[in-house]
Amino acid sequence: MAELWVVESGERYSHVAMIGRLDTEGIDSIETTFAAHTAARRLPAIVDITSVTFLASLGMGMLVRVAKSLKQHQAGMVLVGPSEPVERALRAAKIDEVIPIVRRRDEALGVLEVA
Amino acid sequence: MRAQLSDGLREVRRLNESVARFLQDHQVPADRLHDVQLVLEELITNAARHGGLEAGRARIVVEIGLEADGVRLGVEDDGREFDPMSTALPALGTTLEDRPSGGHGLRIVRRLVTGTTYRRLPAGRNRIEAIVPLAGPPSHSPSSSSR
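Chains as they are written, first to last, in the numbering used here: chain A, 1 to 115; chain B, 1 to 147.
Keep in mind that the hints were calculated from the coordinates and are not lab data.
Nothing false has been slipped in among the hints.
Distance windows between CB atoms, simulated:
no. : chain 1 : residue 1 : chain 2 : residue 2 : range
1   : A       : E25       : B       : A135      : 29 to 35 Å
2   : B       : A135      : A       : K94       : 19 to 25 Å
3   : A       : D106      : B       : E63       : 45 to 51 Å
In silico EDC-like links for lysine to aspartate or glutamate, alpha-carbon gap of 16 Å or less:
no. : chain 1 : residue 1 : chain 2 : residue 2
4   : A       : K68       : B       : D98
5   : A       : K68       : A       : D96
6   : A       : K71       : A       : E113
7   : A       : K68       : B       : E97
8   : A       : K94       : B       : D98
9   : A       : K71       : B       : D98
10  : A       : K94       : B       : E97
11  : A       : K68       : A       : E97
12  : A       : K71       : A       : E97
13  : A       : K94       : A       : E84
14  : A       : K71       : B       : E97
15  : A       : K68       : A       : E31
It should be emphasised that the depicted structure is a prediction, and the values quoted were computed from it without experimental measurement.
Just so you know, even glycine gets a beta-carbon here, dropped at the ideal spot from N, CA and C.
Could you build all of it, start to finish, from the sequences and the hints given here?
Put into structure tokens, the structure is as follows:
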């Protein structure tokens, strides 16, 4: 089971954190909540994946869908803090070419220009 | 180790828990364990989605062995003929707007494994074999197919 935590839900940006395994089961358990706290708000989004221990392609698809939805409203999305194997998987799928990956929250704020 | 799945995607997590125990017992590094689990997840997802496997009736057999150069995987299923290593990958596009939300799985598999072979077995089954290297960054290497 994966979990989604809302870290910050202010007027300038959304900040959520994912926890656990984002395999088929994990994605099913958070996808609706994730979209509700990010895409539906139409604000720049910080997605902390520091505590994601496994990220399958279905999870990457979920990230791309939300990022595309935000982009339609001129809002960006940034991934923060992936573990080394999770980041390697993201780069293998070339997700980093369309969704920035950074190490820390302050870097994410800079990329999103909401600092 | 050898495992058989009859309910496709619903059993992948249980399979991957067994795989973790097996590879940890053999001192496989955590990052390579992650890669093995990811490749298995993607291959089984593809077999279920593109092979038309029916939950509860499909038969997927997974074999895992340790070799000098890495972890050897064998995945066999009774779905429609589908070679995940020669199938064309969807175009990525140059912008987020152009990027498809699906099709990442095969790209990941091709980047993480080496020495891939695909065979369509006489019994009407697909069999793919691949190695997840134990050392160094994996890079794509030529695959071979036979029927």
